Each structure stands twice: as structure tokens, then as C-alpha cells.
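Trainee: Going down the list, the sequences are from chains U and A. According to full-length UniProt numbering, the first sequence holds residues 1 to 795 in order. According to full-length UniProt numbering, the second sequence holds residues 1 to 795 in order.
Since the hints were derived computationally from the structure, they do not count as laboratory data. Quick caveat: nothing in here was measured; it's all calculated off a predicted structure. Ideal placement from N, C-alpha and C gives every residue a C-beta, glycine not left out. A few of these clues could be false.
[Said to hold, decoys possible] Derived list of chain U stretches under chain A, where covered just means 3 residues or more per stretch with a C-beta under 8 Å from a C-beta of chain A:
#	region
1	421-429
2	560-567
3	621-632
There are 2 protein chains.
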Amino acid sequence: MTDRPVYDVDPWCVREPELRLDRLTQSESIFALSNGHVGLRGNLDEGEPHGLPGSYLNSFYELRPLPYPEAGNGYPESSQTVVNVTNGKLIRLLVDDEPFDVRYGRLLGHERVLDMRAGTLTRTVEWSTPADRTVRITSVRMVSLTQRAIAAICYEVEPVDGAVRVVTQSELVANEALPDLGKDPRVAAALEMPLVSEEHVAKDTSVVLMHRSRHSGLRMAAAMAHRIDGPEHMAVEVESSPDVGRLTVATRLEPGQRLRIVKFIAYGWSSRRSRPALHDQVAAALAAARHSGWEGLLKEQREYLDDFWSGADVEIDGDAEVQQAVRFGLFHILQAGARAERRMIAAKGLTGPGYDGHTFWDTETFVLPVLTYTRPDAAADALTWRHMTLPLARERAGQLGLAGAAFPWRTIRGQECSGYWPAGTAGFHINADIADAVIRYVDATEDERFEREVGLELLVETARLWHGLGHHDVDGVFRIDGVTGPDEYSAVADNNVYTNLMARQNLRTAATVAMRHPDLAERSGVTAEEAASWRDAAAAMHVPYDERLGVHPQSEGFTDHARWDFAATGPERYPLLLHFPYFDLYRKQVVKQADLVLAMHLQGEAFTEEQKARNFGYYEGLTVRDSSLSAQTQAVMAAEVGQLDLAHDYLGETALMDLRDLARNTRDGLHIASLAGAWTGLVAGFGGMRARDGLLRFAPRLPGGITRLAFRMRYRGRRLRVTVTAGSAMYELLGGAELTLSHHGEEFTLGDEPVERPVPVALGLPRPSQPPGREPAARRAGPATRDPGSSSPAG
Amino acid sequence: MTDRPVYDVDPWCVREPELRLDRLTQSESIFALSNGHVGLRGNLDEGEPHGLPGSYLNSFYELRPLPYPEAGNGYPESSQTVVNVTNGKLIRLLVDDEPFDVRYGRLLGHERVLDMRAGTLTRTVEWSTPADRTVRITSVRMVSLTQRAIAAICYEVEPVDGAVRVVTQSELVANEALPDLGKDPRVAAALEMPLVSEEHVAKDTSVVLMHRSRHSGLRMAAAMAHRIDGPEHMAVEVESSPDVGRLTVATRLEPGQRLRIVKFIAYGWSSRRSRPALHDQVAAALAAARHSGWEGLLKEQREYLDDFWSGADVEIDGDAEVQQAVRFGLFHILQAGARAERRMIAAKGLTGPGYDGHTFWDTETFVLPVLTYTRPDAAADALTWRHMTLPLARERAGQLGLAGAAFPWRTIRGQECSGYWPAGTAGFHINADIADAVIRYVDATEDERFEREVGLELLVETARLWHGLGHHDVDGVFRIDGVTGPDEYSAVADNNVYTNLMARQNLRTAATVAMRHPDLAERSGVTAEEAASWRDAAAAMHVPYDERLGVHPQSEGFTDHARWDFAATGPERYPLLLHFPYFDLYRKQVVKQADLVLAMHLQGEAFTEEQKARNFGYYEGLTVRDSSLSAQTQAVMAAEVGQLDLAHDYLGETALMDLRDLARNTRDGLHIASLAGAWTGLVAGFGGMRARDGLLRFAPRLPGGITRLAFRMRYRGRRLRVTVTAGSAMYELLGGAELTLSHHGEEFTLGDEPVERPVPVALGLPRPSQPPGREPAARRAGPATRDPGSSSPAG
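With the hints as extra help, turn the sequences into a complete structure.
Mentor: Below you can see the structure in the form of C-alpha cells.
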């Protein structure tokens, strides 16, 4: 956690009022700009100092070997890893004879502002050279949400206290040296200089660099063009070499004069298109951007964002930090998914190289719900990408001796990239998570074309996987043995409740949807018999329950295991996985991240209210939240069982994960799924929002620390706003036809007139306790959040 | 399996009547000579052609990195791997101008004979050069069982059809090029040229080469000296360079003349001794060997072996192949263990580089029982080595957060070298296996000094491990969760019956032995309370039982899992681990190697006779024997439950593993534990031998294919012979005081007079079936071994 705040708390901006070199790598992630296709870390314009330079193109990857000490059948031989592509952000500046570098001379002012309504990163600098010449530099950077291939920078320099000679060098640089490529020399070798030059052209104010990735053989192009405004006498040169393109502008600025360079950057890549085709593609994108011009791009950007916020914004009274954080989260989720367009949404978006740039189940489970209800076309795109990788998933299932499709635990392009199968391959729940995202999206949009073209096949192939993965035992019970659920401190267990419940939904829905579209079902080879076998497996699905303790074991036998010795585990030994072997973690009752509790959120109808409260209390005592995916689910279920202040605490943790660098690894990129949790904790937690089968349900209830919560969302073509205060909830239809909603179990129709309903009071159950030292930080100061009688689990 | 036999069947020899170049790598393993300290593969004297050159020193290893695709706490960073040390076997020959090479000229005769009474490998060759000069070459090779540092070769050349010019070059060669160092370039790099020269000296007929291993920093010396007999005129030269020592003898042989070179080779290594000290050590060993002379070494060797066979020999009438194989097995076990002297006994002995030269639990569980009853001092030495590694095992337990000692799954010097923890670290049963070997050895020898100095501490530290590894559940049952039992097609399961029963014995015996030696117990910090806690855990030990099926599940929940689809698994998909992922194997009922069945052998008193029969039948239907460790245990338990012909079939499989190359990897070294199974299948199987608490029990019964079985063994200072025929068993005391024995449950005292007892007839139960295609090969031809009504499991 950060000692003193790095960023000001502001409802619509993230502002760094002074340059924090000690937080540079973190702020590069925080200030990353992306549209889901192109991602640029928030590196300083002049390139140095840097924490980690980063420019990424969605799904442009390099291969690296996966070495195993002991071989095994079905182990993937190589992994895909995100590549730092040609850096188009660079604009260097020479003032008189001094290169502008914040580490030299004097920094009189340095402010960076990420504006979440404008979609820009603005930097304002006042700097004196060692020879005491002062200049003011303003740069505004954007990655266009409307023109997918385009980023742009408006860079301005003006003298403050006398004439200066200035030279700016606007560059494209490929194969930048990167710090810290890891310990494995073979991996480092594979990632050093990943780009092989194919072409470089400089002309007028433009440069195009084309490269191919060394092992994966993908082709990319980066191009730049400029508009230069300044004094009459300017010397402009442009040049290129295989890895560098450079535009140099030299001039002299008198007081009152200004040099302004607008840099348009275009990126493109392809695994199939020819060099000339790709060259023309980026050139055309540049032409379009220049035609729009800087102001035009800014305008489009704001309009795009205005539209987004009109169906997505969340307002909070009482917790300014979370107010900022939820918008920050929504903004970055939009950035990660807006224009991914049938490519994956990575765990870090395009904000850093963490997790090798891979996508995991987090996207379907935590990120797509947010997009589904705020920007549904982006959710459809992400699922369409999964659908496009079906051939690979079928192939993988075949390798594993299974029917249907087995989607990869981690990947960039669709091939399994997990090198540790107990936590990778065995995590089959990802298939049900994808199915769940399909079901949610179709429910939220009634998008029948999607259901027919994308959804049905995803549901059918994952249902086939589950049917083959499980088996009926001699008592006719359907069991799914030897799989790994969401909690990574257990692995390869039988009948994980989360997995079995999610698989049950997957099997049932696949049968229903297939029977709804007999033409497509026939094309997929689904017979009535096969659909019946899915319904049968779903009906017989084993859901273990420990009668003795009155709780659901996370997996069969879990509650028989020894409890982790939390008392003997000091704070310095977290995260546990760095200090204890998997062997020890797997065999004991200790939970890295919500698993059974996530099942209660996503499959709530499978549990009684009493079971929910007991289970929640039981798992609170075991859950250490060594994963950033955990807090949001605990927030949602804490709210559902009436632990509103505890829910608020967990909400704070998920929402502030990156702004406060709570996991101390924001440097590697943002935790997109955790950021999604801010929205989920508010909307599904305090709003109690659940939706299925066309009924949108709410059960709003606020914690003491939040006096008002208002959120907007989209559902079946409508835009809604729900405003919650301590005593009541107001429902408003902002657009679309009337709709039936449910408020705390009571259905009503919402038309043009707002509807207000009272909020029932929560039961005052004692607060459950967490493992010592693993309590979430309190959102409200003072003893109010700690009930003195709260040390035993609920129930 | 070999198409036509490579070796003649002979009761005391293994004879290769003609050179089989297609089986060269296999015969290098078969003809390996070793004394447990020095091991020489049966490479041809002239070095080429070769399958795999190999000269090994017990525990002389190199380090190689263990690369992981995803890091994990407690993963070992490097492995130890056996090194091909300086080759002292080489004697090259030039006849006229032609180098002797069996691939050129004409081979008129080529015979190799391993003599298991003489302890020598004799090669007789008649060869014509391409220019048609014929010579007869005889070489006799030995690795001395009495002079541990010494190997020797007597090499003779004589002309057959006219005078020849001959040059012999007797060499020491370090850093030989090896074929196939594996795919991983870093591993290959670590093992290429592993020896760094420190010194080389040539003088008279002697050479000493000293080297140090590059990464592990161990020092070794190899030396040779010669005695040369031949015509009057011989030119003798000796020379050395860093990696080569060479003695050259040039002469002309007239018909009737002969050149005879006796080569004495001495090896030594140390991690601590200085260069001069080690140099002097091998020089002194050479001096002693030269003093004994070739004939003296031969005589000592035969006497040593005569003594061994007098307490170990097994005679069989009716199955000549198994007769040869059981002696072959005993001979190689003796070679592996005789002079290991407080170093480990590797899975391959010193016969090849398979499994990196590591030792596993096989040694304690399958090899030490044979040595315990035939050469008990070697068993004591092997356990003393384990005791010497206790500090490392304690350290490993500490790394894993456990009490006591955790011995490595695989190692050379005591450090854990397993790179896949579910099948390595989690195989904690190795600790109980070591304890079991201690208990067996002490019972068989009454060696109180060993018990006090070695045994007690091993028992105590392993008991501490088990006590900490398990826990009492809320019902007071003691559970051991998340461990891997012997069967490698399951992993990380709860309450593996084998593990729990072996741990129970370990805990109980540790308490008993500690209380028997209060002085030592106090020194080890064992209080009466601690011992009581072990007894309590043992008494409460969980032994799961499936009431529904009436069998013991291998581990908790095992019998709920889906059965492997054997019908759909063609013969080309075995061994399964090469064709199916662990994921799939672990979650289904399929058994690589006896696990529950091994528990019934080693902890027989924990099962009723009826349970044994039912369990045996159940697991027969699931066991595919993809491990060479399985057949012997199935032989023993088949015999116990009265399936005598089936036992004979399994006996054949374990006994002929290497002579018939059944697993197709004898090239990498012999399967020492499988070879031990020939003895175990006969003595513990058809002899029904079990021993514990001073009572030696027999329950002999022969299969139809064996008309007479006689075996010798040692027990508590006695030598015994048991002779079994179809109708009766004869017990004879060959040496030592009278002793109480048990015959089929009836106790009697055996003194100087032989005792004869009738053998009861076995119940004629139907033969259980194995997975299709996995039936053992029948030892007796024809339908006699196949009961037509035998297709369903017993019971």
C-alpha cells in the first residue's frame, strides 16, 4: 500500500499533482491508454526515466518455450507472450543543449491528469534546464476509441523566461531494451529483440516501420505522421532505419511563441495479410486520422465516452475514493474491451505485460458482466472471439481424451499456455464460465442472432465437455472428479461445488437452447437423446453437503481436512503461495479466493438463505484473499447476507487495488477483473442486482458509509437508473420500453414514471471473522465497523 | 520383447552365443559389472561400436538445472545426475594395419558369458581382418567384490593362421562423447564435458587421471597399471594428457605366441579429500590389486560369491528361464549393494544412466528385503546411508513446514531432486518405507547396535513426520490428506490405505523402540508424551473401506471414480502415461502399479483373508502394470490368495524384465527392483515367507509349472534351506542355533534335523481377469493356465 497518496481524489479524473519517480512503474499502468486494440503504457513522452516501456497490440504475441523438469503427456510445449511492439509515444526534446529529462535540471511543476470523460492523458510540465532556461511543456495523449488503429499526441513547448533553441524528435522505436526479462535465460533469449525488420520508409513528416515477430511469425506495422505548428523558421527532417523512425524539428522560440506538434500514430498487425496490404492499412488509418484532425479526434472521443457513461455511470455519496475508483474501473474496462473486436480481453488489458498478456476465466466471470450491462456489444465481441477459437478448443479436448471443447486456462490466441496442469488444465470451470457469460449476455440483450451464430455452439460444445468429464456413479449420481475450482489453494479435487453448479447450468441451458433452435441443433449434431442426457446429468449433479457442520464443502472432503494454522502464520508469510508449498496448501482448509462463495453469487438459487449465511461465515474464516479476484465476491455475498459494512470494506479493497497498489504489482499492469469488482460490488452487492430469464431483480441496501448510490445500466434495450438511499430505492427508465423489475422479491412494472420502494432493514447478525491479519481494511474509521461481539462465524 | 532369444538359458551363466549388434545397448546393461562402488557397463573392450558407454562411481554426480514453466515454493532448483566417469575399460587393438572392430573384417566367433559364480564377464572372439589375418581374442573382466576400488581385465591376443603385428592401446578416457543427452539444451550443456582435468601422470605402465566435476565440485581419480606378458620383443609406451591416459604395446606374434595384458584399474572420489590424498588412495588400491595379482583377484571373487550363494541360492525345477533369472537378479542385486557401503543403491544400480542414477523408494521396499535375508550387512549399509542424510531430510521437512524428517523422493546424495511434486514430494510413503526396512532388518538380524545407532533415529524422525502430516478430525479419526501412494496413476489423494497402514506401523514401532531405549529417546528429545501421541495417532488411523463394494478403496473416494475405459484403450496406447494426461489418469480407477495390493503384502495383518481375496480380484481388473514394480507384488498376493498359476505368470514377468527387455528400456540400465521380484515372488510368493517379531513364517505352495523350489536364506544368524514340492515342504537349518518357524500357521522348532510338513491344497477360486490386453504372459503353454470360467473378479 502506498504511504502517502500518489493521486488526488477527484470524481472524474486521476490526477498526479507532482511526479512520483518512486511510483513511476505503477503510474505507467494507471495512466495507460487503450482502446482494446492498441495499448500504450503511461510512459513519459521522452522515454526516460521509465519503469517499463510498453506498447501493445491485442493478440500480437511471441512464442516462448515452456521447459519442464519432467515431461508429461498433454503439456503445452510453448507459451504465447505479449510483445512490447514499436513504441510510437516517444517525443524527445532538447532545450538549448540540454535534453529534457526530469532527473536533471529543476522540475518547477509536473502534473498528469487522466480525464475519464475526455479519454485523454494530459501532462503539464515546467522545467528549468541545468543552465536555467525554463520551458513549459504540455502533452495530451489519446488512444482513439472511435478510430481503432489510431493514437495521437498533441505536444507543445513554449519558453517561459526567454528565447530558447528547441529540437524535438518524434520517434518510432522497435525492439526497445526492456528491464527484467526474468531468470530463465532461454525465455529471455526468446523475448529479446522479438521484432525482425521487414521494411522502413520515411517521407515528408511520415514514417512506416514494418516488422515480423521472430518465432510466431506475425507481421505488424507502425506508422506516424505529424502536423507541426510553430515559428516561421523551422528545420524539419525525417529519417528511418530498420528499428527507428524519426522526425526532427529544430527551431528557436521567442517568448510568446510556441511549437506544437500533433503526432498521429497508426498500428496494424496480421498473421495473414501481405506486407503491402498491411502497409496500406496503416497509411489509410493515418490519412483518416489526419482528416479528422486533433480536435476532431478529441470530439469523437468525448462523444463516445458520453454515450458510454450515459448507460454506465455510478454515483456515490459518502465515499469519494470509491466514487473515483468505480469510474476508474469502468474507464479501464471500457479501454480493455471497447475495440477488442473479436480478440481477447487480457487479465491486464493492454496496460502491462503481467501474466504474459494472457486472458483467463476472470474475463468471462468478472469483466464481461460489467460490459454486458454497460457496453453489451463489447461483451458479444469477446464471446465471439471465444467462438472463433472453438476449433482449437475442440482439438485440446481431443488431446485430453474428452468430447466437446476445452477452452484454455490461459492464452492469447486460443492455444493452452498453462505450464502447471493442476492449476491450469484441471481448471475446467472456465468452460462453464464462458457458458455463463453467454447465458448472461443473451438474457441481457435478447440478441437472437448472437444466440444462433455464437451462443448455441459454445453452449453445446461445453455441455459435451461436461457430459464426458463427469460420470454417473453406481447410485446414479453425476460426479465430476479431479478438477480444480476457482480457489487456487486447492487443486484436483472431486465435485467442486462451484464447478458442479456451473456445469449443471451449462448442461441445462445447452439442452434448452438447442431444442429452441432445432435447425442449428441438427447442424451441430445434437439429437433429442443427447439433449436428454445433458438434462439427466444436470438433474443428477452431485452437490456435496456436510451435514455435520451444516455447510457446503468447497469440494468433496474439503471440510474433513485440517484447518490451516492461521495463528502460526505471520503477516510476512502472505501471500501463502510464496512461502508454503502447494503440497501443504492443497491439503488443508485455506482458501485463496472465493470459490464456494462465488458459487453462491452466480448460482444463488442453489442455496437457501440460511445456507448462504452459514457458508459465508464459514468461508470467511478460511479465506485469505491472496488473489485480487476474491474481495469483490466477498463484497457481493456479504451484502446479500446483510453484512453491509463488511461488504463496504471488501468493496474498498477491490476498487482501490490499483490506485492504492494494494497487491504491490500494479507495475505489471492493472487488475482489470478487480477493477470490475468496484462496479459489481456496488451494483450486484449494494444494489443486489441479479438477472436471469428476463427478470431483472434488485435488493438494494446501503452500508453506513454510503449515503446514496445511483447507478445506470442497460438491459434488453433499456437504459435504467437506480438510486438508493438508506431508506428507499428509486427506479427510473432513461430509455426504452416498460419493463418488469423486482425489488426485494416484489415485482413491479417500470414505465415512464419513476418508481420508489422502501428498503427493508437488514438483520443485525454478528460480523464474521477472517483469518488473523487478513481482515479487510475498514472503509469507515472508528469502532463502528467492528462489532465487539463479532469474533465467531455467523450461525 | 525380444523376437529371438539373445541369451542362452543356463542355470549359472548368461551367455550371448553370437554378437547381437541390434541388442548392443541392452547387453551393455545385462553384462554390467559392479560392486556397488564402481560400475562398468558391458561395453566392448575396444569401445566401438557402442550403445551407451558407461563407467560410474556410486554417488559421483553432476548438477543440472530443473527448469519450471511456472515457479513454486519448495521446488528443487537443481537435480543430481549420474556422470559417465573416466572410462578404464578401453583396450584397443590393431592387427597388422587394421583396427579391431567387429563391424569390419569377418567375425568367426563372438561369445560373451557372464558367470554368476565366478563374478566375471568373459569374451571370446575370433576375427579375421579385412586382409584375412585371423586372431583369437579373449578378455575376462571383473569388478572386484573384495577390493572395492578395483576393476581388472585380462586381455589376450593370439594369431590363428600366421604371424601378425599387433598393437594394443590400453586407455583411460575422460569426457567421452555420449549419444542422446536429451532434448533440453541447458541440460545437455550441463552434462557435456562434465569433468575438468586437475592432474595427469604417466609412469612405467601406469597412468593416473584426476578430474573435478564442473558444477558439483567433486574430485575423482582413475588409475591403471598393467602386467604385460608376451614375446621377448615388445615396445611399451605410456603417455597421458588431461583427458586421456594410454599404454601402448607393440609386438609381433608368431603362431603359438600370445600377448597377455592384465589391466588393473582403480577408482576413487571424494567431495573433501585433497588432490594428493586422493591420488595416493588410488595408487595404494592399485598396489594392493597388483599384489593380489589377477589369479588372486579371481580367487577372492569366487570365494566371496560362494559365501553369498550359500545363504541366498534359489533352485527351481520346471522353469529353467526363471531359474536363470532369479540368480541373475540376485547377482545384480549383490553387485548393486555389496560394496555400496553407506552410499545409496540406485534404481538401476550402476548399470546405466536411467532415472539420472537416482535412488527411490524401490530400494527400501523391493531390494532391501532381498539383501536383508541374504546379505544383511549390505541392507544395514544402505539404511546407514539414509541415516547419514538425516540432516538433509530434516531440512527438507522444515522447508515443507513439517516436523521430523522428509526423505527425498529421488536423489543421489540426499537432496530432493524431484521436479514434479504431485508424484515426488507428495509421495511421503517413502518415509514409512524406510522405517519398514529398518523394522525388517532389525527383526531379521537382532542387530541392536544398528537399532541404537541408526534405526531408532530413523524411526523417530519419520514418526514425527507422520504425526505432523496427519491430523485428527472432529470425530477423532487420524487422517493423512493430500499425499500420493505407490500407484503413480493417482496422486495427491486423502487417506491412501497403503500410506496410512505403513505410517501406522512406523508410528507404533517408533514408540516401542524409543521406550525400549530411554537413554537414546531422551537424547532425541522423545518424551513419554510424544511416544503416547504416536501410539494414539496409530490407534486412530483412518483406513477407508467401501462397504458397498466390500473392498478397500486405494485412497478415500477412489472407488467412486469412473473406471478407466479399458475396452477403448488399444494396446498401442500403453504405457498410458505416454498417451494420456495425468489429469485423466488421476481421476479414474486405473492403477499403474500395485498399491492397495502392496499394502496387503507388507501389512497383511490389517486385512482378513476374505478381504484379501476380494481386494485382489478388484484391483486385478484395474491394474495395467505400466510400472516394472507391480508384477512381483501381484505375484506374491496372487500366491497368497491361491491364484498360483497367475502368480507364476507375474513371477515370469518380473524375473525376465531385463533378460527379455520386457519394458524395452533395459538399455538405460537394469530394473534392480524388478529383478529383486524374482526372489520375492518365489520366497514370499510360493514360499509364503513373512517375518516379524522374531517369527519366521512360511506358507509354501507351488504352481503347476514348478515341481520343486528350494531357497536358502539368512535369519537371526541362521542359514536355512526350504525345499518345496507339490505335496510337502522340507525345512533345514544349514547353520546356527535352533529356531521356531511357522508352516501354514502351525509353529514348530527347527533344529539339526530337517522337518517335513505337508502342503495344504489351495482353494480353486476362479482366476480374476485383468484389463483387456494387460494379462501377464502365461508361463505354461496351453489352456491349463486359462480357466475358461475365470473372466469375473474373485468374490
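Trainee: Now tell me, hint by hint, if it's right for this structure.
Mentor: Evaluation of the provided hints:
1. 421-429: Coverage by chain A holds for the region 421-429 of chain U (5 residues, Cβ < 8 Å).
2. 560-567: holds (count 3)
3. 621-632: violated (count 0)
Hint 3 alone, counting from the list given before, is not met by this structure.
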